[in-house]
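The sequence shown maps to residues 1 to 170 in the UniProt record's numbering.
Heads up, a few of these hints could be off.
Unchecked claim - Computed spacing ranges between beta-carbons, pair by pair:
hint, residue 1, residue 2, range
1, L90, A29, 17 to 25 Å
2, V116, A139, 34 to 42 Å
3, V24, L50, 22 to 30 Å
4, A139, V80, 17 to 25 Å
5, W146, A94, 18 to 26 Å
6, L51, W146, 38 to 46 Å
7, L50, G126, 29 to 37 Å
8, Q115, V89, 39 to 47 Å
9, V89, L26, 33 to 41 Å
Since the hints were made in silico from the structure, they are not lab data.
No residue lacks a Cβ here, since even glycine has one placed at the ideal position from N, Cα and C.
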Amino acid sequence: MLRRARENGPALLVPLAWTFVTAVHLDLASEHALLIAHLVMATIIAGFTLLSWGEMAEGVLLLWRRVLLVGFAITLAGIVGFVVDSLAVLLFTASLIGWMIVPGIALVRTGRQVQVGPRVYVIGGGLSLAGAAVYAAGALVGGGVWLSVFGLTLVNIGQTAGIVNAVYRY
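Please model the entire structure based on the sequences and the hints provided.
In structure tokens form, the structure reads like this:
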């Protein structure tokens, strides 16, 4: 059962995480709930990485092991943002944008390395990176919550497409 959860869980957890972040942006969930989500996510990432370490030793899976390691650090940065008020905005932004860009790049690289279903990965990565750009542009020019939500939606669609493709094909 644990193996099945490791194989299929990301297809549920990735869209759930981005939907939750979007809900926080829309004031439908609290920042306290977001802290709890960060703690849960750090625990899941650590457990998944440790349990899958040997299976992720080469090729595309090695790339994704590295994404998990960087993602764990990015998630910890978000957690520290809840503790150190003076760094909160910087760390929250780094965590959020990091989770948009790192998997986005990895999806594009995955699409270039695999033989089966490469287009889904490349398009998904492109959507994730475009979402990061839209989100950042909204933050820089004051585009309001709807530009942020649009960026988050692009990321959600792109990363969900990539992970669902991986779960379905492998």
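A quick look at each hint next to the structure:
no.	hint	result
1	L90 to A29: 17 to 25 Å	holds, 22 Å
2	V116 to A139: 34 to 42 Å	holds, 37 Å
3	V24 to L50: 22 to 30 Å	holds, 28 Å
4	A139 to V80: 17 to 25 Å	holds, 20 Å
5	W146 to A94: 18 to 26 Å	holds, 23 Å
6	L51 to W146: 38 to 46 Å	holds, 39 Å
7	L50 to G126: 29 to 37 Å	holds, 31 Å
8	Q115 to V89: 39 to 47 Å	holds, 43 Å
9	V89 to L26: 33 to 41 Å	violated, 19 Å
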